[in-house]
Amino acid sequence: RKEVEQDPGPFNVPEGATVAFNCTYSNSASQSFFWYRQDCRKEPKLLMSVYSSGNEDGRFTAQLNRASQYISLLIRDSKLSDSATYLCVVNGAGSYQLTFGKGTKLSVIP
Amino acid sequence: DGGITQSPKYLFRKEGQNVTLSCEQNLNHDAMYWYRQDPGQGLRLIYYSQIVNDFQKGDIAEGYSVSREKKESFPLTVTSAQKNPTAFYLCASSIWDSNQPQHFGDGTRLSIL
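In order, the protein sequence lines correspond to chains F and W. Counting from 1, one number per residue, gives the positions in the first sequence under my numbering. Counting from 1001, one number per residue, gives the positions in the second sequence under my numbering.
Derived by calculation from the structure, the hints in this document are not laboratory data. One or more hints might be untrue.
Stated by the list, open to error - Ranges between beta-carbon positions, derived for each pair:
(1) R41/F x S1080/W: 24 to 34 Å
(2) G1016/W x K79/F: 45 to 55 Å
(3) A17/F x G1003/W: 30 to 40 Å
(4) K1014/W x K42/F: 26 to 36 Å
These numbers come from a predicted model, not from an experiment. We put the beta carbon where it would ideally sit given N, CA and C, even for glycine.
With the rest of the complex left out, here is chain F (with noise of 0.2 Å):
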């Protein structure tokens, strides 16, 4: 099983639809996970922490679940300005190491 393993995409959905990317993970001891996004031919950029609890940060909401190992990032009301590769980001073997999913690509069409 891959350390961290994302459904590549591509997602295309129109302007205001509400859209969700999992993301599994497979080191059991892992305790940070985070979500970034990147721009086409940019650097990742911290788009959230993801918490036990779940969190939310305005149309985005993060969630967790450790039982299962999987991490989930729901949009809503997606704007054109989101379309970019979604990275699931899970610390790894080695605690203080990050590992990079391969990301998910979204595309929100007009």
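Assemble chain W onto chain F, guided by the hints.
Then chain W, alone, in the frame of chain F:
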């Protein structure tokens, strides 16, 4: 402005040449990292450094070298031993705490001439 500065933005390497990528941060972060990203692939860790004068190999260190003489600086040298160096190189920094995210510079694109 606090942040991470990578230079150059684009770099071309000739056969048999070593090239050095610069990474400077003014976030007062202890930890710094170098990643490589190939098209359609996730980020892979090359080297990381927790403190000055100390660094550790990541998953793909062969053909690369680093130094950490100052807290603010973590240059990466791509040596001639790295046979497939064409990639997007990203430098990151963080507080040395497993719960802290990493913050990235805007990257250097390296190509072979």
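- [ ] Confirm or reject the claim that G1016/W and K79/F have a C-beta distance inside 45 to 55 Å.
- [x] holds (48 Å)
TODO: Evaluate the given range 24 to 34 Å for the C-beta pair formed by R41/F and S1080/W.
DONE: holds (27 Å)
TODO: Can you let me know if the beta-carbon spacing of K1014/W and K42/F is within 26 to 36 Å?
DONE: At roughly 27 Å between Cβ atoms, K42/F and K1014/W fall inside 26 to 36 Å, so the hint holds.
Open item on the list: Just to be sure I understand the hint, the distance between the Cβ atoms of A17/F and G1003/W should be within 30 to 40 Å; is that true here?
Closed with: Distance hint for A17/F, G1003/W holds at roughly 34 Å.
Checked against the numbered hints above, the structure breaks none of them.
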